[in-house]
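Whole structure, please, built from the sequences with the hints as guidance.
Read top to bottom, the protein sequences are chains A and B.
FYI, the working numbering numbers position 212 of the first sequence as 212, with every residue one higher than the one before it.
FYI, the working numbering numbers position 275 of the second sequence as 275, with every residue one higher than the one before it.
Computed footprint of chain A on chain B; a stretch qualifies when at least three of its residues, placed anywhere within it, have a C-beta under 8 Å from a C-beta of chain A:
hint: 1; segment: 4-16
hint: 2; segment: 21-27
hint: 3; segment: 47-60
Okay, derived cross-link-like pairs now, EDC-like style, lysine to aspartate or glutamate, Cα gap no bigger than 20 Å in a straight line:
hint: 4; chain 1: A; residue 1: K192; chain 2: B; residue 2: E11
hint: 5; chain 1: A; residue 1: K192; chain 2: B; residue 2: E10
hint: 6; chain 1: A; residue 1: K181; chain 2: B; residue 2: E25
hint: 7; chain 1: B; residue 1: K203; chain 2: B; residue 2: E39
hint: 8; chain 1: B; residue 1: K120; chain 2: B; residue 2: D192
hint: 9; chain 1: A; residue 1: K20; chain 2: A; residue 2: E235
hint: 10; chain 1: A; residue 1: K198; chain 2: B; residue 2: E17
hint: 11; chain 1: A; residue 1: K192; chain 2: B; residue 2: D47
hint: 12; chain 1: A; residue 1: K198; chain 2: B; residue 2: E10
hint: 13; chain 1: A; residue 1: K198; chain 2: B; residue 2: E60
hint: 14; chain 1: B; residue 1: K223; chain 2: B; residue 2: D175
hint: 15; chain 1: A; residue 1: K192; chain 2: A; residue 2: D79
hint: 16; chain 1: B; residue 1: K203; chain 2: B; residue 2: E36
hint: 17; chain 1: B; residue 1: K46; chain 2: A; residue 2: D50
hint: 18; chain 1: B; residue 1: K120; chain 2: A; residue 2: D50
hint: 19; chain 1: A; residue 1: K192; chain 2: B; residue 2: E17
hint: 20; chain 1: A; residue 1: K192; chain 2: B; residue 2: D115
hint: 21; chain 1: B; residue 1: K220; chain 2: B; residue 2: D148
hint: 22; chain 1: B; residue 1: K382; chain 2: B; residue 2: D314
hint: 23; chain 1: A; residue 1: K107; chain 2: A; residue 2: D86
hint: 24; chain 1: A; residue 1: K192; chain 2: B; residue 2: E61
hint: 25; chain 1: A; residue 1: K20; chain 2: A; residue 2: D122
hint: 26; chain 1: B; residue 1: K223; chain 2: B; residue 2: E145
hint: 27; chain 1: A; residue 1: K199; chain 2: B; residue 2: E10
hint: 28; chain 1: A; residue 1: K181; chain 2: B; residue 2: D47
hint: 29; chain 1: B; residue 1: K199; chain 2: B; residue 2: E213
hint: 30; chain 1: B; residue 1: K313; chain 2: B; residue 2: E383
hint: 31; chain 1: A; residue 1: K199; chain 2: B; residue 2: E60
hint: 32; chain 1: A; residue 1: K199; chain 2: B; residue 2: E11
hint: 33; chain 1: B; residue 1: K46; chain 2: A; residue 2: E43
hint: 34; chain 1: B; residue 1: K223; chain 2: B; residue 2: D106
hint: 35; chain 1: A; residue 1: K199; chain 2: B; residue 2: E17
hint: 36; chain 1: B; residue 1: K120; chain 2: B; residue 2: E166
hint: 37; chain 1: A; residue 1: K198; chain 2: B; residue 2: E11
hint: 38; chain 1: A; residue 1: K192; chain 2: B; residue 2: E60
No wet-lab data here; the hints were simulated from the structure.
Just so it is clear, CB atoms sit at the ideal spot from N, CA and C, and this is done for glycine as well.
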Amino acid sequence: MDIVVCIKQVPDTATVRFDKEKGTIIREGVQSIINPPDLHALEAGLSLRDQFGGKVTVLTMGPPQAESALRDALSLGADEAVLLSDRAFAAADTLATTYTLLKAIQKIGLPELILCGTHAIDGDTAQVGPGLAARLGWPSITQVAGIEAVEDGAKLLLKRLIDQGYEMVEAELPVLLTCHKTLNTPRVPSLKAKMRAKKAQIPVWSHEDIGAEPDKIGISGSPTWVDSTFVPAFEAKKEMLQGSPEEQVDALIKRLKESGLI
Amino acid sequence: MAEVNYFLNEEQQMIVELTRQIAREKIIPVRARLDEQEEFPWDLVKDFAQADLFGLFIPEEFGGFGGGCFEMCLALEQLAYGCVGVTTTYAASALGGYPILLFGTDEQKKRYLPDIAAGKKLAAFGLTESGAGSDAAAIQTTAVEEGDYWVLNGSKQWITSGGEAEIYTIIAMTDRHKGPRGASAFIVEKGDPGFSFGKKEKKMGIRSSSTTELFLDNCKIPKDRLLGRRGMGFIIAMRTLDQARPGIGAMGVGLAQAAMDEAIKFARHRIQFGQPVIAFQAIQHMLADMATEIEAARALVYAIARTIDTGIKDMAKLSAMAKLFATDMAMKVTTDAVQVMGGHGYMADYPVEKMMRDAKILQIYEGTNQIQRNVIGQALNKEYAKKA
Ligand SMILES: Cc1cc2nc3c(=O)[nH]c(=O)nc-3n(C[C@H](O)[C@H](O)[C@H](O)COP(=O)(O)OP(=O)(O)OC[C@H]3O[C@@H](n4cnc5c(N)ncnc54)[C@H](O)[C@@H]3O)c2cc1C
Numbered sequence: 001m002d003i004v005v006c007i008k009q010v011p012d013t014a015t016v017r018f019d020k021e022k023g024t025i026i027r028e029g030v031q032s033i034i035n036p037p038d039l040h041a042l043e044a045g046l047s048l049r050d051q052f053g054g055k056v057t058v059l060t061m062g063p064p065q066a067e068s069a070l071r072d073a074l075s076l077g078a079d080e081a082v083l084l085s086d087r088a089f090a091a092a093d094t095l096a097t098t099y100t101l102l103k104a105i106q107k108i109g110l111p112e113l114i115l116c117g118t119h120a121i122d123g124d125t126a127q128v129g130p131g132l133a134a135r136l137g138w139p140s141i142t143q144v145a146g147i148e149a150v151e152d153g154a155k156l157l158l159k160r161l162i163d164q165g166y167e168m169v170e171a172e173l174p175v176l177l178t179c180h181k182t183l184n185t186p187r188v189p190s191l192k193a194k195m196r197a198k199k200a201q202i203p204v205w206s207h208e209d210i211g212a213e214p215d216k217i218g219i220s221g222s223p224t225w226v227d228s229t230f231v232p233a234f235e236a237k238k239e240m241l242q243g244s245p246e247e248q249v250d251a252l253i254k255r256l257k258e259s260g261l262i
Numbered sequence: 001m002a003e004v005n006y007f008l009n010e011e012q013q014m015i016v017e018l019t020r021q022i023a024r025e026k027i028i029p030v031r032a033r034l035d036e037q038e039e040f041p042w043d044l045v046k047d048f049a050q051a052d053l054f055g056l057f058i059p060e061e062f063g064g065f066g067g068g069c070f071e072m073c074l075a076l077e078q079l080a081y082g083c084v085g086v087t088t089t090y091a092a093s094a095l096g097g098y099p100i101l102l103f104g105t106d107e108q109k110k111r112y113l114p115d116i117a118a119g120k121k122l123a124a125f126g127l128t129e130s131g132a133g134s135d136a137a138a139i140q141t142t143a144v145e146e147g148d149y150w151v152l153n154g155s156k157q158w159i160t161s162g163g164e165a166e167i168y169t170i171i172a173m174t175d176r177h178k179g180p181r182g183a184s185a186f187i188v189e190k191g192d193p194g195f196s197f198g199k200k201e202k203k204m205g206i207r208s209s210s211t212t213e214l215f216l217d218n219c220k221i222p223k224d225r226l227l228g229r230r231g232m233g234f235i236i237a238m239r240t241l242d243q244a245r246p247g248i249g250a251m252g253v254g255l256a257q258a259a260m261d262e263a264i265k266f267a268r269h270r271i272q273f274g275q276p277v278i279a280f281q282a283i284q285h286m287l288a289d290m291a292t293e294i295e296a297a298r299a300l301v302y303a304i305a306r307t308i309d310t311g312i313k314d315m316a317k318l319s320a321m322a323k324l325f326a327t328d329m330a331m332k333v334t335t336d337a338v339q340v341m342g343g344h345g346y347m348a349d350y351p352v353e354k355m356m357r358d359a360k361i362l363q364i365y366e367g368t369n370q371i372q373r374n375v376i377g378q379a380l381n382k383e384y385a386k387k388a
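And the structure:
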């Protein structure tokens with residue numbers, strides 16, 4: 001089963017701080033990690049490959065440093081990696097991103113399965129997976145929390161999270177899945193794969209390499225513009241009520257009534 | 001602040017990176033539960049296998065990574081930073097595998113090492129008996145040649161991974177009248193007729209590790225399970241321990257580092273008399289001694305492990321020094337870590353009480369630290385006799 005896993009390098013939001021004046025993220029000292037849901041997509045791909053053979057190719061679009069995310073994926077056991085990096089790709093929204101990924105996947109050769117994370121923890125749109133499937137004319141199954149391959153891998157039995165619980169979906173290949181963090185437990189890297197990853201030559205493709213039209217990529221291909229970013233103001237006031245318990249309760253009820261909460 | 005540079009090569013740095021990640025992400029979140037429930041860490045064994053760690057010391061031709069004593073020390077230090085109990089399971093498999101690696105025939109190596117390297121099978125080492133602890137030569141288990149078989153009788157005590165491991169190196173007497181030349185080493189497999197296990201011991205520390213008795217009751221194994229030559233049993237056991245002991249020292253270093261990290265984190269935030277307790281010189285001096293002694297032990301263990309990897313023959317003294325110094329240090333540092341944290345350190349809500357309990361075993365197994373001193377002392381006596 002040949003599989004492409006799309007991953008994104010994101011700032012580790014657990015350690016991120018904001019420059020409130022400029023409304024930007026302070027990138028200095030912040031670690032870059034593989035978008036956490038993507039690790040579950042990769043794990044799903046690796047275990048299907050371990051079960052059925054074939055190869056797992058990881059693909060990312062990003063700045064040259066995003067190569068380290070690909071090396072991390074190779075350390076976990078991915079077979080091949082491709083980096084899409086070109087100044088012309090910069091400031092892409094999800095429309096331009098899915099087009100760019102489509103062109104790259106066409107160059108790699110269409111796989112039987114494409115796996116993405118549910119969403120990226122930085123942009124949080126959850127659009128890239130389904131958008132890419134739409135461009136391919138493939139079905140996409142989102143929020144996948146369970147995968148069982150049946151009929152020798154020709155079909156996948158999928159558990160898909162919905163608001164009220166989950167539903168079971170049967171999908172034939174080819175298909176694109178977006179993987180939820182409850183899908184599996186990502187494996188640890190292995191020494192041998194880490195050695196291979198360290199030495200691997202990772203191809204870097206520009207828009208010319210994948211034959212992408214300049215007006216469909218990067219900022220020119222992006223109808224969505226970020227006007228500004230800001231840290232939402234968090235204002236909470238603390239007040240200690242004084243007096244005996246009875247007085248405190250009276251004061252509390254009065255306060256709740258005043259603010260129209262009861 | 002600058003750190004000591006141990007000039008690790010790229011591969012060695014990778015081993016540290018990987019084992020540190022495993023300790024942080026996989027071991028630390030579950031160690032308290034494993035300890036409390038005395039649960040054998042099968043999930044972590046699978047992680048170690050996936051990470052190629054079981055083959056770290058095994059040559060590439062047998063499916064391993066081809067590392068030496070030093071690479072093992074680096075891994076053991078980082079894993080023990082997470083949990084000495086879990087790491088004991090890992091170390092015991094190497095202890096059971098070394099005799100095959102060091103003394104096995106090509107056949108035996110091909111048959112057993114790839115499975116040990118892949119972590120498909122755990123290995124164990126069975127020397128100790130109820131009447132033979134420090135005095136290993138007092139073992140009573142016997143092996144008698146009968147046609148195409150060896151028949152083993154006796155019992156082993158306190159064998160790490162007993163019942164969980166599949167491959168056991170067992171030392172038994174073959175010619176009692178020959179004294180120290182009268183023992184031989186055998187490979188016994190789980191499932192061999194007449195081979196069974198006692199109950200799991202309840203222990204002070206390393207409670208996730210399984211420690212059991214082994215029973216050999218007319219245990220019949222094929223001839224080709226003899227390791228090395230007949231009569232080499234104790235030589236095989238001693239060479240195996242020489243190879244493994246620096247690793248126990250490395251576990252002491254990792255454990256002590258973890259205890260100190262916890263103690264410092266706590267001391268910076270615990271306020272008494274209006275200031276963090278780390279502001280008291282009495283606490284600072286304890287921490288200063290800890291940090292200095294940990295670094296000294298690390299430097300010693302690394303230097304000795306690297307020396308062993310150059311292929312020296314007579315390594316008993318150096319190997320004993322690495323274990324002795326680093327594990328006595330670990331006992332002291334973990335005890336002091338509890339002291340720095342006061343009552344909090346004594347509570348199971350904080351990890352240092354477990355660390356102090358776990359530290360004790362490092363001074364006992366693979367030869368008590370009294371025995372390490374004996375080994376060093378006897379070596380000195382010999383060396384100086386030659387000089388005289
Ligand atoms: C948790 C655990 C796991 C173990 N795992 C294994 C294993 O996997 N395989 C295995 O073969 N064994 C194993 N052992 C056994 C271990 O190696 C022995 O416990 C150890 O060698 C000491 O033997 P003993 O406990 O019988 O102590 P004893 O020999 O009874 O010693 C008692 C005390 O006397 C001291 N002493 C004894 N002789 C001398 C001497 N000549 N000079 C000075 N002091 C002396 C000792 O240092 C100690 O303080 C394990 C033990 C434990 C507790």
